[in-house]
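Protein chains in written order, with the working numbering: chain X, 14 to 263; chain S, 40 to 402; chain U, 276 to 564.
Treat the hints as calculated values from the structure; they're not laboratory data. Just so it is clear, CB atoms sit at the ideal spot from N, CA and C, and this is done for glycine as well.
Here are the simulated distance ranges between beta carbons: (1) 286/S <-> 26/X: 51 to 59 Å; (2) 165/S <-> 388/U: 30 to 38 Å; (3) 210/X <-> 365/U: 43 to 51 Å; (4) 356/U <-> 286/S: 41 to 49 Å; (5) 365/U <-> 286/S: 38 to 46 Å; (6) 429/U <-> 155/S: 40 to 48 Å; (7) 390/U <-> 343/S: 19 to 27 Å; (8) 257/S <-> 344/U: 50 to 58 Å; (9) 165/S <-> 26/X: 21 to 29 Å; (10) 258/S <-> 190/X: 45 to 53 Å; (11) 178/X <-> 429/U: 36 to 44 Å; (12) 148/X <-> 224/S: 50 to 58 Å; (13) 387/U <-> 344/S: 18 to 26 Å.
Here are some of the chain S residues that sit facing chain U, going by a computed Cβ distance under 7 Å: (14) 160; (15) 167; (16) 170; (17) 186; (18) 334; (19) 350.
Rough simulated footprint, nothing fancy, chain U against chain X, three-plus residues with beta-carbon under 8 Å: (20) 61-70; (21) 89-101.
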Amino acid sequence: MSALRVSGLDAGYEDFQALFGVSLDLAAGETVALVGANGAGKTTLLMTIAGALRPWRGGIALDGTDITGQPDYRRARSGVVLVPEGRRLFGSLTAEENILVPAGARGRREAGPWTLAALYELFPMVAARRSHRAALLSGGEQQAAAIARALAANPRVLLLDEVSLGLAPAVVDAFYQLLPAIQGSGVSVLLVEQDVDRALAASSRTVCLLEGRVVMTGESASLDRDALIAAYFGSPAAPPGTGDTGKVRT
Amino acid sequence: MAPVSTRPGLGTAVTVTRWSRAATATAAISVLALAVLAALPYLAGTGITQALVTLFLLVSMAALWNLLAGYAGMISFGQQAYLGIGAYLVWLVSKTGVSPFAGIAVAAAGCAVAAVPIFAVLRPLSGGYFAVATWVVATCFFLYVTNQLWLGGGTGVSLAGPLSGLPPVVRQAYTYWLALALMAVIVAGVYLLVRSRFGLDSRAVHDEPAAAAAMGVEVQRTRWLAYILAAVGFGAVGGVLIISTLYIDPATVFSVNYSADMLFMVVIGGIGTMEGPIIGAVIFFAVQEEFSSYGAWYLVAIGAVAILVVLTAPGGLWGIAARRGWTLLPVGYRVRDVPSPGPPGLPGAAGPAGATAGGDGDG
Amino acid sequence: MTWVNDILQGIFLGGAYALTAVGLSLMFGVMRMVNLAHGDLAVCGTYLATTVMAAFGVPLWVAMLIMVPLAFLLGLVLQLSLFGRALRSGTTAPLLVTFGLSVIIENLLLQTYSANTRGVPAGNLDVAAVHLGGLVLPWLAMLKLILALVVIGGLSVLLRYTAWGRRVRATSDDQAVARLQGIRVRPLFASVTGIAIAAAALAGTLNAVTTGVYPTLGALTLIFAFEAVIIGGLGSLWGTLLGGMLLGITQVVVSQVSVPYAILASQLLFLVVLAVRPQGLFGNPQIVG
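Pulled out of the complex, with its shape left as it was, chain X reads as follows (with noise of 0.2 Å):
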């Protein structure tokens, strides 16, 4: 049984249809990156696997349990927790505090290996400013506290949207090379990332979204680069092999 399974799903604002019949798995402890180009739907597909949208069809479904009806914060307590497209922290609480937020579900902070001495430990730039304004945190520390914030909920599930975004080269290579910490305490990651090299790297297997539908799928360390760019641009010299079908290819 898959952690996370997402199946046909259509989404969209208002008169703006944004995915088209997406489907995608995430086994337990596996780390899928998201890539496309900007407006594909990756962020779209983010949000409405963690409930800030409302599918117009299709279902996720989280360790088998159908969770499509549940809106963003039963979600959040389920174990679906989103870190947002340009952090967004709550900025005039403490970088503690953002953390210590997500204590809603029951519990459930304690219920896990994420404790607050253990997200410290991972994250000594922020234990090093915890009494500071959120707001006044640089980028990388407001990006590593917002991972935080999302872990302290020890989510099943930990949804990724663009964790490099306006962060210099360094900081993101920090931010990557404490990714395997994350992964080994069992939760599955979805990873959006404009950066295609990062993404092969960090990923198990890697989606490509165009125009809001999966347009590839593969195992990232076999995957064809050059198939790669092109399905990531629509280019119509995809070459044959590259699945439209939104299928998963193992």
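For chain X, the structure is supplied; the task is to place chains S and U on it using the hints.
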């Protein structure tokens, strides 16, 4: 109306119209109705004309409040300030020997002048702050006038003296025609204004101020114009008010109850439409006439209806009709496909497709 | 020495204004909602208290022990049924809905209790005072100031140091993300409104001991509360206290010169602050507490 533009070379010709057959019918009926109403003093007693004066003033106030709230996006709970200023100005003018009827012009002009410093202070505010601040301004006028003996203090002032020269029936008739004319001018004025460049600008500002400004709309000037014109209108209404009732006191004329009435009329009728406030005013008037003798319960009921409308049908009564595309007083631009002859064997382009720009009927 | 006494009375009056205004300030800071029915709800609480006193023959403080929790419940119900939906309906809906509610309440009270001013019997509380040298320290006025400090101080502590307070501040910063982190916004807002209305009812009842209560008192109550909040700066509870003080002091000082213009003077103070420094003294979009 003749097509305003076509798009050759695109396969389908379109026309952009601003008018409709229903609108022509409405205009014709309105003119007819005005004529009938104008003849009423010769046909009906003063009981009826007196009641209709109240209706005409309600329609005027509703149309003006909707100009501010529905089109320019400024909810005000302080327009009664200008009712009072206008009324007191008419009284002051009458004390100099000039006819109160002529005083209306002074009332309107005086309110335009007063509106300038007031709006200068209120300008940076929006939403609830603007609304309560307008209420505070009206309260300030109330507090000031109540303490000025030369303005009659808390007891109020009377126009009975200056108008005693006229026989009551004649005075009633003049008042009636004045109120009717004022309503016609205000409704027509608001209509023309909303149909004009100003109307488009103000609705753009209301919806998306940043985008509007980026497109060159003079956001501030639009808001200024709306506020001052509304003040002028309310000043004139206030002038007619004192002529009609012959007596005002600060507690009544500066009362926020007027704002409550305006809100109810416009919200229930249909905020942001031309037809809505008129319908709302008629309904409010009817309910008031019928039920006010039972005490304040009718206000409780109207308040509850207004809340229900805001939460479940925000477009009001006319909004329900407008959503089906009905419009008697069109304000926007309608794009319609023109049936083209086409080559033989092929069907012509579809008839009225009607993408309506400019939002007929939505606020 | 009398001017010192004047300032003192102004401070006491300010405490009363602040106590009345704290609920309005809280609702605005957390939910960005201007509750135009705030004053009328305070008046509602007062009428409820007097009714309880008349019906059960209990003294004021007992009636208030019953009334304040009921006011809290009323706030919960209003938020869950009306205000929440209004907030979700757009930016003008809350204004129209709360104004409509205000009209409903005033007219209901008018029909139920008549327009006459009703007294709030409080034993000697409204006249008892401590006299220190040339200073007059009325017990009731001091009580109101102390309560203002307790409520504002208590709320600040709750907001700063409790999990509830953390959730409130987080939701106030970014409601969408708060939901994504598992915060249930509806019950949270309900608790905030409950506190706001309870505080308003408490303040209104104590104020009415001096002035009596009548159905349309809510309008002036709202205006003063609103002005205290704006002068102090949106989002700052202590700012509201200071705003109330400024209003109170202005009013008392001017009343020494001319009683009829005392209230007008505080209105003009408000307009001047609006013109010169619209964000208020401690203008801050987030709750400071």
